[in-house]
Structures are given as C-alpha cells and as structure tokens.
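Need the complex rebuilt from these two chains, each delivered in its own frame; the hints are there to steer you.
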Amino acid sequence: MSTRLINFTLNGQPVSAAVEPHRNLVELLQRFDLFGARESCGQGLCGCCTVLVDDKAVSGCLYFAVWVDGKSVTTVESLDADGQLSPVQQAFIDAGAFQCGFCTPGFILMSHQLLKENPNPTDDDIRHYLSGNLCRCGTYPEVIEAVKLAAGK
Amino acid sequence: MIPFEMVEPRSLKEALALLDPQEPTIRPVAGGTALMLMMKAGVFTPTRLICLHAIEPEHARITVGGNGDLRIGAMATLREVEKDSNVASRFPVLARAMRTLSSVRVRNVARVGGALAHGDPHMDLPPVLSALGARVSIAGPNRNRELPLEKLYAGYYETVLEKNELITAVTVPALNGRKAAYMKVTSRTADDWPSLGVAVTFALADGRIREPIVVVSAATEKVTRMSAVEKALESAAPDDATLRRAGDAAADEVQTLSDAHGSAPYKRELLRVYLRRAVRQALDESAQ
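Chains S and B are the protein sequences, given in the same order. Just so we're aligned, residue 5 is where the first sequence starts under our numbering, counting upward by one. Just so we're aligned, residue -7 is where the second sequence starts under our numbering, counting upward by one.
One or more of the hints may lead you astray.
Said to hold, decoys possible - Simulated crosslink set (BS3-like; lysine-lysine; CA at most 27 angstroms straight-line): (1) B:K155 to B:K143; (2) S:K75 to B:K75; (3) B:K75 to S:K152; (4) B:K214 to B:K155; (5) B:K155 to B:K5; (6) S:K75 to S:K120; (7) B:K32 to B:K155; (8) S:K75 to B:K5; (9) S:K152 to S:K120; (10) B:K75 to S:K120; (11) B:K214 to B:K143; (12) S:K152 to S:K75; (13) B:K223 to B:K143; (14) B:K75 to S:K60; (15) S:K75 to B:K32; (16) S:K60 to S:K152; (17) S:K157 to S:K120; (18) B:K32 to S:K60; (19) B:K143 to B:K5; (20) S:K60 to S:K75; (21) B:K32 to B:K214.
It should be emphasised that the hints constitute simulated quantities derived from the structure, not laboratory data.
Okay, chain B solo, but in the shape it has when bound (with noise of 0.2 angstroms):
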C-alpha cells in the first residue's frame, strides 16, 4: 500500500473538524475491512485516514428505547450486534443477516457505520435495515441530520453524505409483529460478496400483506426499494398467484447489473426467483 498519515481525534466533534469537504483523499476509517480492500486494490489512496477509534465507546452502545426502537452506535461491531441480545429476541432477521455476512473476523473488526457509508451494494447490512424502516444519525460540523437509510444511497458506491459528515448511529424501529425476512445468493463460497440480496418485511392482518417493504441490493447498482413488488404485494393474500405476480413485477422494475458474481439477465432471474422464497420465509418464521 501506497504512505499515508493516520490521525486519531478524541472527540467526535474534532473528527469532524478534522474531514474536509473539498478533499476525498482525507476519509474516515472505522473498522477498515472494506477501506483496505479499495486501499489494496489501488482504487483508494489516501493521503490521511481520521481512524475514530478513539471515540469509540460513547459510540458504540446497543441500545433499546422505550418505545422499543433499537439504537446502534455507529462504532459497534457486526459481530457485537450479532451476539445483542436484544438483536437476537427483538430483530432475529438482523442476528441472522449477521451470520451470512462475511467471516467471524471481519465481523470482529467491522463497524456498522461503516458498513452503512461505504455505499458498495453489496453489503447486507442496507438493505436488511432498509426494509426494517431504520434511520440513519448524521453528525456535520454545523447540523445533526436524520435520513431514512435508504435514502443514503445516490448510486454505485455513492451516498448522500458530504464528506465532512460522520454517521454515529442507526435506530430500527420495534418490529411491531411485522414479519421479516432478508435472503441472499452467492455464487462462489458461502461468505462471498452476493449476487443477490432482497429483504422485505410486511404486516400480516386477516391472512393479508400489510404497508410492505421490499428491498433488493447487490444485483442493482444501489440498494433499491421496489414500490411496483409493494403495490402487487399490498392487501393480496400471500399465496401462490401473489408471490408470482410480485417475483414478476420485481423483474421487471429493477435494472440488474452484470458483475463477477453473475450477469445481469441470471440476476434479474435470481430476483424473480427469491422475492418469493423471501415472503415465503418472512411467513415461516410467525410459524415458529
């Protein structure tokens, strides 16, 4: 890897000083999984990272509101959101979204700051969290701001925020009884990057689909919400003829990009194909 500075502030608001608007060489780095692959690979070089390890404790809390929104400090690591237990009973399809993604050592090292800000649609993390109806905390040097997650994304590996602006946490409100899933491919090993990830969640009243919301990423070139999938899945009974219009619609609305882990037609298929097996699931775990 090419020289570079490292700087480690101790407040938030000193990291924040310390960004610049107008220089994309000087950037934050939280865990670095994914930094350092862009590092290595020669499409990042940096001339100063911020690393924010050192505020990392006052943001790094997992924590439930009374209303039983769940909070989660920028700093904390996938692997301690995985092991929460207030993850485990409240968001099960967010324990379980944890354990597909990458290995036990980057999920030690990983943080979900940065997994949410790295914009690489390919991470599970957006879109689980999308369709789980989270908002992201956004601190500037002169202004807080709160974004509906899915709003981060402007495109491939682009995001809303400016360049001196830092998530510090992401609140996911109470399920509510709503039924959730998240399903991803991957086309090589197990813990690859996916081909495929699509998450819904939905209400379920009288045996029929409540205020959906499908999420599909990686095989887009943002993490996408399909509102044609949710119009078809809105009030319809989650049957056969249902599932199959919604696969349908959800071929058709999304343009699918060809990659290393599939073309773009085997993708839009994948799609077709998991929408489905992903409401199915969603219903399953009511079963359990």
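For reference, chain S alone in the conformation it holds in the complex (with noise of 0.2 angstroms):
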C-alpha cells in the first residue's frame, strides 16, 4: 500500500519521513534511533510508549505516524540533548524512583507534563496523572516522592 511523505519537527529538528498509514509512532521513531518510547503493552494502559505531540502526552502505541504530519514530536531523548539531566531525571535518579528502568522514559515525561500543568501536585494529583502508567517493579511510592522532589526545585 501506498506510503505517504510525512514533515515534522522531532525533537526541535525538522525531519521527513515515507511512512505507511498503518504505522504507529513508536515505529516511525524507532527509524529515527529513539527507543526510548516502547510498545510494551500495546493498549495505551502501561504508558511506556508515552511521547509529546505538539506538547500534549499521547501513547505512541495508539498514534497513527502519518498523524504527526506538520506536527512537533517530543521524546525523552530530548530532556537531556544539553547534555544536563532535567530536574525530573535527577529527581528519578535521587529517590531511586525505578529499578529496570523500562517504564521510567514514560513516567518520566509524563511526570514533566504533570508539573507543566499542575507546579505543586498533591499526591492524589500525581496518582492520577500517572495512574496510566504501570511499573513492574512496583516503585510507585518512589515515583511519587521523586514528582514532589522535582516540583520543589
């Protein structure tokens, strides 16, 4: 079937693609070498496909890619492009907030776009933000502790 030519801004860099309609975001992506959103469940309920598109928090799972046409697309690998780790991964890093660490690049913007709507999230706040995100690993009380960490620097 027929591919489409897609432009858009990854990551603050423009970039174009040929991608097939029946593509999702987590596979355009992976053609660019950022793996840092995953399928893992692949139902949009584990949040370790999360990715920005234009500023707002999708699962790159349930994302068509052509969809992103004209579009401005965020992933983890942009928090630290300086070089320096954004307050949230230091805050993640500091309350040991993972232990596999497959799930932390999905909590981890989720948590920025948590803090960009809401600066001083209660816990409820944050357990329901991030209710869409599930760690095997169980280090949920962390991730919390590492949220408020984050929301008080």
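Here it is, written out as structure tokens:
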C-alpha cells in the first residue's frame, strides 16, 4: 500500500519520513534511532510508549505515525540533549524511582507534563495523572517522591 | 497491523461521500484509540480509514446555548471536555466522569464522537450522557437527524448509525437543579474498562425523587435505561427502603453478561449495590 511523505519537528529538528498509514508513532521513532518510547502493552494502558505531540502526551502505540505530519514531536531523549539531566530525570535518580528502568521514560515524560500543568501537585494529583503508567517493579512510592522532589526544584 | 489506506477529507460533506454504506471495511477514524485496539486484536481489518482530523476545527467546539444547553462538537477530545470551564461549572458529574475514564494520554487523543459511535458498552460517556438526557446530532449524505443518545445503541458494539453517517455533536440539556451521579467499578486497575457503570439523574421536590433517569452500562450488552428502577424511584423519598427496593429492581430488570471484568452474577450484585450508592452520591452532591 501507499506510503506517505510526512514532515514534522522531532525534538526541535525538522525531519521528514515516508511512512505507511498502518505504522504507529513508536515504529516511526525507531527509524530515527529513538528507543525511549517502547511499545509494551500495545493497548495504551502502561505508558511505556509516552510521546509528546504538539506538547500533549499521547500513547505512541495508539497513534498513527502519519498523524504527526506538520506537528511537533518530543521524546524523552530531548530532555538531556544539552548534556544536563532535566530536574525530573535527576529527581528520579535521587529518589531511586525505578529498578529495571523499562517504564521510566514514560513516567518521566508524564511527570514533566504534570508539573507543567500543575507545578505543585498533591499526592492524589500525582497518582491520578500517572494512573495510566505501570511499573512492574512497583516503585510507585518512589515515583511520587521523585515528582514532589522535582516540583520543589 | 495489516496495511490499509488512509484518506483525509477536507469537509464534512467530502467525508460523508467517502464513506460507503455497503462496505464495512471502510470506516471513519477520529482519535483512533479504540479502533486501533480492534485492529491490533485482528477483529477489525480496514481497507480504508477516513481520517476526520482535517475537518476538526469546526466540529470540536464546546459551547453553551442561551437556554443553558451544552453542545459538544464530536471532534472535541475527552480532555477538552474534562478541562472545559462550562462543563466543570454546569455539569460537574461529566467533568468527574472524564477523570475516571482511561488515562490522560488516551483522553488527549480520543474524541467524543468516536466514544459515542464505537458502541462498546464498557465506555463511560454513553451512560453518563444518556442519563443527562443528551441528544446526538447525526449527519448523513442526504439528511441530518437527531436521536436521544440511548436510542443510538442497538446491541453489543452495535449502533443504529448507517455506515455513511457521522455524529457531528452531542447536546446536553441544562441540569436545572437535577441531581446527577455516575459510578463505575473496575475490577483490575483504576483506569481499566469497567465491570459496571451506572448513571442516575433526578429532580428532587419536597424530599421526593421526580423524573429519574437511570442507565446501566458495561455489565450489559448495551447502554440500557432501567424503567423498572425509574418506576421504583419515582415520587419516593430516597430513604434506605426505597434504595434497597430500587437496587433489587435493577438486579431483577437487567440481563448482565459475563466477561473478563466479572461474571454475570457478580455484576448483578455490583449493580444492586452501586445503584444505591449512585443515588446517594447524587444526593450528596447537592449538599456541597
């Protein structure tokens, strides 16, 4: 079937790609050697595939790649592009908010969005906003600590 | 996923013309979050998707009319409804329901029209909006029509929409003091598909329930209005005896279905209990 040429901004850089309509955003990002967004559950339930499209968090596994045409796409890899960890990334390290790390990029991007919308979230706000992100290692208490740590910075 | 074509019409008229009443493998797509799950599971294999994004701006508005009616364009995202100040102030039950519905990421993408047209009985908007007395506006190639939302649903994943019709908006009448609550039960994670959804709205006059609308979802094959429950509640004082009677009527009236979210008998008991809780919650809101 036909491929389509799309143009979009990827972590601040204009890029283009030829994609088939049935490809999702995670598959597209892999072609740019970006592996921070991972397809894990494939159903939008776990948050491992979190990507920002026009500054809104989406599940990359449930988002057609062709839909980013003309849009701005931000992945976890952009956060330390200047060689410095973002406050949220540093807070996750300081709070030990991960074990295996597989889910961490999704948690970190979602935490960024949460703090942008709500700079001083309560525990309940954090739990609500991150309820769609799963950590199989069970580091939820540390994740909440990390978000509060980042909010204080 | 199996390859398919995607086309992007520039107007509603063009979109309607691209749909084919005889061809089930051609379907409209708005947010795609539910449709992609069906495609990944292999239960839906499209040949062509009609992407509605280019006609979005004029069909995504959320407005309040002079009579207090809320009109939500079908292409509004669930998150836009959740964040809308008119929804928050006039229909708190709707704003609250949005927060319990899937995750922020899905709500950023999923559209109201898709959530109504999908016909999945586990979705939350159909029962809430039905209990609020909402009407859907439907555009077709030759005529437009309007239906009470509850009449949209014909069965499990089945609606009365023709394959070449599109929902353009949903209109919710002003609450005018009616009490409203929606309760859902998820048996696995907080943001999972529910085992049961139950929505109630009613007026309260002289301490008695008037004109109740009671709707069940998720436990049943489709969004279902429960007339026996409404009869049990009508003109009754909302005391423990009334609520028990209404809960029992609900359990008797409805045929619950077993699925991954719970067995039919389990859901029947959930309904018996949660119907009472929903009426109580609606009454509590008035105290706030």
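For each hint, the structure was consulted:
Distance check on the hinted pair: K155 (chain B) and K143 (chain B) sit about 17 angstroms apart at the alpha-carbon level, within 27 angstroms; holds. With a C-alpha separation of about 22 angstroms, the suggested pair K75 (chain S) and K75 (chain B) falls inside the 27 angstroms cut-off, and the hint holds. With a C-alpha separation of about 23 angstroms, the suggested pair K75 (chain B) and K152 (chain S) falls inside the 27 angstroms cut-off, and the hint holds. At roughly 19 angstroms between alpha-carbon atoms, K214 (chain B) and K155 (chain B) fall within 27 angstroms of each other, so this suggested pair holds.
For a cut-off of 27 angstroms, the pair hint linking K155 (chain B) to K5 (chain B) stands: about 14 angstroms separates their Cα positions. With a C-alpha separation of about 20 angstroms, the suggested pair K75 (chain S) and K120 (chain S) falls inside the 27 angstroms cut-off, and the hint holds. As the CA atoms of K32 (chain B) and K155 (chain B) are separated by approximately 22 angstroms, the hinted pair is consistent with the 27 angstroms bound. The straight-line distance between the Cα atoms of K75 (chain S) and K5 (chain B) is roughly 26 angstroms, inside the 27 angstroms bound, and the hint therefore holds.
Among the hinted pairs, K152 (chain S) with K120 (chain S) is consistent with the structure: their alpha-carbon atoms are about 13 angstroms apart, no more than 27 angstroms. For the hint linking K75 (chain B) to K120 (chain S), the alpha-carbon distance of about 15 angstroms falls within 27 angstroms, and the restraint holds. Straight-line distance between C-alpha atoms of K214 (chain B) and K143 (chain B) comes to about 11 angstroms, which keeps the hinted pair within the 27 angstroms bound. At most 27 angstroms may separate the alpha-carbon atoms for a hinted pair to count; K152 (chain S) and K75 (chain S) exceed this at roughly 31 angstroms.
Taking the CA atoms of K223 (chain B) and K143 (chain B), the gap is near 20 angstroms; set against the 27 angstroms cutoff, the hint holds. A hinted pair counts as satisfied when its Cα atoms are at most 27 angstroms apart, and K75 (chain B) with K60 (chain S) qualifies at roughly 14 angstroms. Proposed proximity of K75 (chain S) and K32 (chain B) is supported: the alpha carbons are some 25 angstroms apart, at most 27 angstroms. A C-alpha spacing of about 21 angstroms is found between K60 (chain S) and K152 (chain S), which places the hinted pair at or below 27 angstroms, so the restraint holds.
With a C-alpha separation of about 13 angstroms, the suggested pair K157 (chain S) and K120 (chain S) falls inside the 27 angstroms cut-off, and the hint holds. Of the pairs offered as hints, the one joining K32 (chain B) and K60 (chain S) holds, with about 23 angstroms between alpha carbons and a cut-off of 27 angstroms not exceeded. This hinted pair checks out: K143 (chain B) and K5 (chain B) have alpha carbons roughly 25 angstroms apart, not beyond 27 angstroms. Straight-line distance between C-alpha atoms of K60 (chain S) and K75 (chain S) comes to about 11 angstroms, which keeps the hinted pair within the 27 angstroms bound.
Pair hint K32 (chain B) plus K214 (chain B) holds up; C-alpha atoms about 23 angstroms apart against a cutoff of 27 angstroms.
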